[in-house]
Amino acid sequence: MADGGASTFILLITALLVSGSVSAILINQWGDMSSALEENRKGKEADAKTSVSFAGDAMEVGYDDSVNPNVMTFYLQNTGQYVLDESTLVVIVDGISVTSSITTTILPGGADWTDVRLLEVEVSSTSWSYQNDDSVSLSAVVSSEVTAGYRGTSTMNIEVRLNV
Amino acid sequence: MGASVGIGGLIIGMTMLVVFSMVVASIDAKVDSSLQTIDSANEALPTFTIDDATLWEGAVVDVLIGGGGSGYTNGNLVSSTGNGGFTGTFTVDGSGAIIGVAITSHGNYSSAPTIVVQGQTPTSSATFVSSIGNFIHSNVTNTGSQITPLREIWIFSDGENPTNLGSIYSGGSNSPHWYSGETLHVQWAESGQLPVSRVAISVKGVSMASTLA
Numbered sequence: 001m002a003d004g005g006a007s008t009f010i011l012l013i014t015a016l017l018v019s020g021s022v023s024a025i026l027i028n029q030w031g032d033m034s035s036a037l038e039e040n041r042k043g044k045e046a047d048a049k050t051s052v053s054f055a056g057d058a059m060e061v062g063y064d065d066s067v068n069p070n071v072m073t074f075y076l077q078n079t080g081q082y083v084l085d086e087s088t089l090v091v092i093v094d095g096i097s098v099t100s101s102i103t104t105t106i107l108p109g110g111a112d113w114t115d116v117r118l119l120e121v122e123v124s125s126t127s128w129s130y131q132n133d134d135s136v137s138l139s140a141v142v143s144s145e146v147t148a149g150y151r152g153t154s155t156m157n158i159e160v161r162l163n164v
Numbered sequence: 001m002g003a004s005v006g007i008g009g010l011i012i013g014m015t016m017l018v019v020f021s022m023v024v025a026s027i028d029a030k031v032d033s034s035l036q037t038i039d040s041a042n043e044a045l046p047t048f049t050i051d052d053a054t055l056w057e058g059a060v061v062d063v064l065i066g067g068g069g070s071g072y073t074n075g076n077l078v079s080s081t082g083n084g085g086f087t088g089t090f091t092v093d094g095s096g097a098i099i100g101v102a103i104t105s106h107g108n109y110s111s112a113p114t115i116v117v118q119g120q121t122p123t124s125s126a127t128f129v130s131s132i133g134n135f136i137h138s139n140v141t142n143t144g145s146q147i148t149p150l151r152e153i154w155i156f157s158d159g160e161n162p163t164n165l166g167s168i169y170s171g172g173s174n175s176p177h178w179y180s181g182e183t184l185h186v187q188w189a190e191s192g193q194l195p196v197s198r199v200a201i202s203v204k205g206v207s208m209a210s211t212l213a
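Protein sequences appear in the order of chains S and E.
Going by my numbering, 92 is the number at position 92 of the first sequence; the sequence numbering is gapless.
Going by my numbering, 163 is the number at position 163 of the second sequence; the sequence numbering is gapless.
It is worth saying that the hints were derived from the structure and are not from the lab.
Computed from a predicted structure; not experimentally measured.
C-beta atoms are modelled at their ideal positions from N, C-alpha and C, and glycine is treated no differently.
Some clues are possibly wrong.
Which bits of chain E does chain S cover? Going by a derived footprint, with three or more residues having C-beta under 8 Å, they are [as the list claims (entries may be wrong)]: (1) 7-18; (2) 92-100; (3) 158-165.
Please build the complete structure, drawing on both the sequences and the hints.
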């Protein structure tokens with residue numbers, strides 16, 4: 001009986017040790033899962049609070065063919081909650097990136113592209129030969145300033161008509 | 001001994017249950033928090049209409065004081081020529097000389113009207129010099145449920161010359177917001193290239209345009 005009691009006691013202690021170890025591992029794993037969820041949440045939050053939209057008249061996008069290269073002018077509005085970083089702006093016209101020839105101006109004048117301000121965008125390309133009333137596909141991708149360690153991204157796509 | 005083993009097993013089981021329930025509750029809370037945060041970032045889009053938009057090419061855009069005169073009290077200005085609808089107000093200094101004018105209705109004229117003081121007999125009459133230019137008038141109505149700060153609204157003429165509504169609107173309200181169901185009478189000087197044929201309004205990613213009458 002004494003041997004039986006000792007072995008039962010050993011079994012109990014073993015069970016306690018095993019269950020304690022399993023609990024520790026599970027808690028650790030769940031902690032990692034929780035951290036991953038938090039990281040994912042912050043990334044999603046940054047994306048959700050980052051938004052850019054076309055502003056103005058899509059039927060009257062300015063196009064200057066009197067200069068070489070031709071210049072297209074349009075406006076983007078920060079419609080999100082995070083400050084946008086205009087230096088990250090990527091513009092795609094009819095599927096072709098014109099990122100290397102972008103001039104931006106924040107309106108009204110200011111250092112940051114907040115939700116109050118517009119961004120005037122002038123893009124140019126030597127390969128363009130658009131005419132008045134031509135329709136072009138315009139896309140813009142922009143990221144927010146780093147906020148709480150994260151940078152959100154937003155994309156704008158629109159079909160516009162050029163006004164030469 | 002058997003009883004103590006049973007109690008030990010029960011304790012282990014209960015401990016595991018508590019740990020599981022705490023973890024599940026924690027993860028649920030995280031997921032709920034995430035969804036709430038993401039939901040809060042997604043605002044409903046504003047909806048609005050441009051009820052009308054008119055270009056007046058003979059609006060009084062400026063009134064200069066040629067001579068302030070004397071013997072006036074603060075009062076109103078009108079035009080003595082044409083029926084374009086100009087009205088304004090003026091302020092005087094201690095001697096009754098006019099020192100400031102403000103346009104309350106720009107009107108529309110074929111030539112610069114003569115501006116006079118309404119209904120006062122001064123010691124010495126004041127003179128004014130008016131100039132006319134282009135003015136766009138538009139009524140816009142917030143047909144949605146969103147309350148939008150005026151500073152987040154931009155107005156364009158022919159897709160250019162963006163003008164911030166918060167910087168130009170002074171329509172009898174000190175409120176810098178556009179409330180649901182509210183119609184704003186917006187007017188602004190158009191100094192860009194004429195002729196202007198369209199006006200567009202952009203509000204939080206929603207843009208609408210209308211042809212000018």
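Verification of the supplied hints:
Chain S is given as covering the segment 7-18 of chain E, and this holds because 5 residues of the stretch bring a CB closer than 8 Å to a CB of that chain, at least three being needed. With 0 residues having a Cβ less than 8 Å from any Cβ of chain S, the segment 92-100 of chain E misses the three-residue criterion, and the hint is violated. Beta-carbon proximity to chain S at under 8 Å applies to 5 residues in the segment 158-165 of chain E; the threshold of 3 is reached and the given coverage holds.
In this structure, only the earlier hint numbered 2 is contradicted, and the remaining ones agree with it.
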